[in-house]
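Colleague: First residue of the sequence shown? That's 1 in full-length UniProt numbering, and the numbers climb one at a time after it.
Quick caveat, the hints were computed from the structure, so don't treat them as lab data. Hints are not guaranteed to be accurate.
No farther apart than 20 Å at their CA atoms in a straight line, the calculated lysine to aspartate or glutamate pairs in the EDC-like style are these [as the list claims (entries may be wrong)]:
id: 1; residue 1: LYS158; residue 2: ASP140
id: 2; residue 1: LYS27; residue 2: ASP51
id: 3; residue 1: LYS158; residue 2: ASP139
id: 4; residue 1: LYS27; residue 2: ASP16
id: 5; residue 1: LYS158; residue 2: GLU178
id: 6; residue 1: LYS27; residue 2: GLU39
id: 7; residue 1: LYS158; residue 2: GLU133
id: 8; residue 1: LYS27; residue 2: GLU71
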Amino acid sequence: MGPAACLFDLDGLLLDTEPLQARAWHKAAAHFGCQLGAEQLLRLRGQRRLDCAALVCRWIAASGSNPPSSEALLAVRQPLADALVPTAAAMDGAAELVQMCRDHQVPMALVTSSTQDAVRRKAAPHRWLQLIEVRVYGDDPALAAGKPAPDPFLLAAKRLGRNPGDCWAFEDSAAGIEAALAAGCQVYALLPSDADAQATPAGVTRLNSLRDVRW
């Protein structure tokens, strides 16, 4: 049986923005005297900007450097990210999967930790993203908590008028996967082929490419 609706993450799932986002966080932290490692940068994936900033500020403090406020950190980081993310390419098979949903009349929602303004900049070169009309942003006024809390997926399902358990959620980050599972969705995780298979949570269908999706 096919999905009652498809709920799509954006960064790292539909658009290849994650390496660019990581570069911006790395440079911003370095500006305040802290070198972030690969594992730390991975932990930032899928979370809202303010949540990430608070975490990076704690890491800066732990490194022995004088930590900035979240606002000061973001003042350095955002211009870097704003210049980088519009160059992000679509993930392989992303546009085709969205079009397949439209062709099969499967309702869709974008469930992203990015702000509405950030999504506008990222999506500008990708007109196919306009097919996803229902959206839950990281700064959505109706959102109580961001990923890894289930709230974004529950809100998206509500706006589509669907039971979360009948929705397919597509994610790539640990925070996003946790959120979708907690919401009760059927979860599909886009993970690199060389990633540790043991890291795939129970109940999650692993995808090497969005082209693998069938119903």
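Colleague: Next, verify each hint and record whether it holds.
Modeller: How the hints compare with the structure:
no.: 1; hint: LYS158 with ASP140; result: 14 Å, holds
no.: 2; hint: LYS27 with ASP51; result: 18 Å, holds
no.: 3; hint: LYS158 with ASP139; result: 17 Å, holds
no.: 4; hint: LYS27 with ASP16; result: 19 Å, holds
no.: 5; hint: LYS158 with GLU178; result: 19 Å, holds
no.: 6; hint: LYS27 with GLU39; result: 16 Å, holds
no.: 7; hint: LYS158 with GLU133; result: 14 Å, holds
no.: 8; hint: LYS27 with GLU71; result: 16 Å, holds
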